[in-house]
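J.: Below are the chains, spelled out letter by letter.
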Amino acid sequence: GENVEQHPSTLSVQEGDSAVIKCTYSDSASNYFPWYKQELGKGPQLIIDIRSNVGEKKDQRIAVTLNKTAKHFSLHITETQPEDSAVYFCAASSNYKLTFGKGTLLTVNP
Amino acid sequence: NAGVMQNPRHLVRRRGQEARLRCSPMKGHSHVYWYRQLPEEGLKFMVYLQKENIIDESGMPKERFSAEFPKEGPSILRIQQVVRGDSAAYFCASSPGRQQETQYFGPGTRLLVL
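Chains as they are written, first to last, in this note's numbering: chain A, 1 to 110; chain B, 1 to 114.
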């Protein structure tokens, strides 16, 4: 089955800096890669997703890149703000079953 | 503009009791997925249901766990004879239809087994 590795497990940045979270996956059939943000005590909230027919997607301060050959994808957050502090999860899927990474705790220091 | 709804939000059970977790998908969504999240872990797929059908239950433990999504009413995840290892957050997600539609998650039910 699919296996998703996510790094780093914790990330601390200063407000205004950029943050990058990286994930690798094992199943070459995976073709859908969402990113979720989870705040304490809440459910995961989709922030951006990418499908395998594109290499990059951007939505305001958030961007995701995908390298299918290397089987890795990354989340980029620019101009970070304290409200970006949360746990971020990457996931991969070839059908309906999302396989998640273990998460990255992002802390944005004011 | 109601999202995915889950209740209860917190549930405390003693070992051996039954736990029933409910999930109402977003309006217009007919596909429901259940995931379990252990402390400091990612979410793990349990089961995928459509109305009155279990499509894939490959992530469900073989014993004590069951799920349903009846024609009317919410989806139910049922855990019989709970054990301490069942303590986790259980999340439900829904999507409108065909495979690979974006999954929207509910707030989760945090189950604590004493």
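Some clues are possibly wrong.
[Stated by the list, open to error] Here are the computed lysine-lysine pairs in the DSS-like style, where the Cα-Cα straight-line distance is at most 27 Å:
1) B/K71 to A/K102
2) A/K102 to B/K51
3) B/K44 to A/K68
4) B/K51 to B/K71
5) A/K22 to A/K68
6) A/K57 to A/K68
7) B/K27 to B/K62
8) B/K27 to A/K37
9) A/K37 to B/K44
10) A/K68 to A/K42
11) B/K27 to A/K97
12) A/K42 to A/K97
13) B/K62 to A/K57
14) B/K71 to A/K97
15) A/K22 to B/K51
16) A/K42 to B/K44
Bear in mind the hints are in silico, worked out from the structure with no lab data behind them.
J.: Hinted pair, alpha-carbon criterion (27 Å max): B/K62, A/K57. Please report holds or violated.
T.: Violated, because 40 Å separates the two Cα atoms, which is more than 27 Å.
J.: Does A/K102 pair with B/K51 here, judged by a C-alpha cut-off of 27 Å?
T.: violated, 31 Å
J.: Would you check the hint for A/K57 and A/K68, treating anything up to 27 Å between C-alpha atoms as holding?
T.: Holds - the C-alpha atoms of A/K68 and A/K57 are around 14 Å apart, at most 27 Å.
J.: For A/K42 and B/K44, compute the direct alpha-carbon distance and say whether it is at most 27 Å.
T.: Distance ~16 Å between A/K42 and B/K44 Cα, so the pair holds.
J.: Does B/K51 sit within 27 Å of A/K22, going by the straight-line distance between their CA atoms?
T.: Outside the cut-off at roughly 36 Å; violated.
J.: Could you grab the alpha-carbon distance between A/K42 and A/K97 and see if it respects the 27 Å cut-off?
T.: holds, 21 Å
J.: Decide if the proposed pair is consistent with the structure: B/K71 and A/K102, CA atoms, cutoff 27 Å inclusive.
T.: violated, 35 Å
J.: Has the given pair, B/K44 with A/K68, been kept, meaning a C-alpha gap of at most 27 Å?
T.: At roughly 23 Å apart (the allowed maximum being 27 Å), A/K68 and B/K44 satisfy the hint.
J.: Can you confirm whether the C-alpha distance between B/K71 and A/K97 stays at or below 27 Å?
T.: Distance of about 23 Å is within 27 Å: holds.
J.: Decide if the proposed pair is consistent with the structure: A/K37 and B/K44, CA atoms, cutoff 27 Å inclusive.
T.: holds, 16 Å
J.: Taken at face value, is the distance from the CA of A/K42 to the CA of A/K68 at most 27 Å?
T.: violated, 31 Å
J.: Quickly compare the C-alpha distance for B/K51 and B/K71 to 27 Å and report which way the hint goes.
T.: holds, 6 Å
Checked against the numbered hints above, the structure violates hints 1, 2, 7, 10, 13 and 15; every other hint is satisfied.
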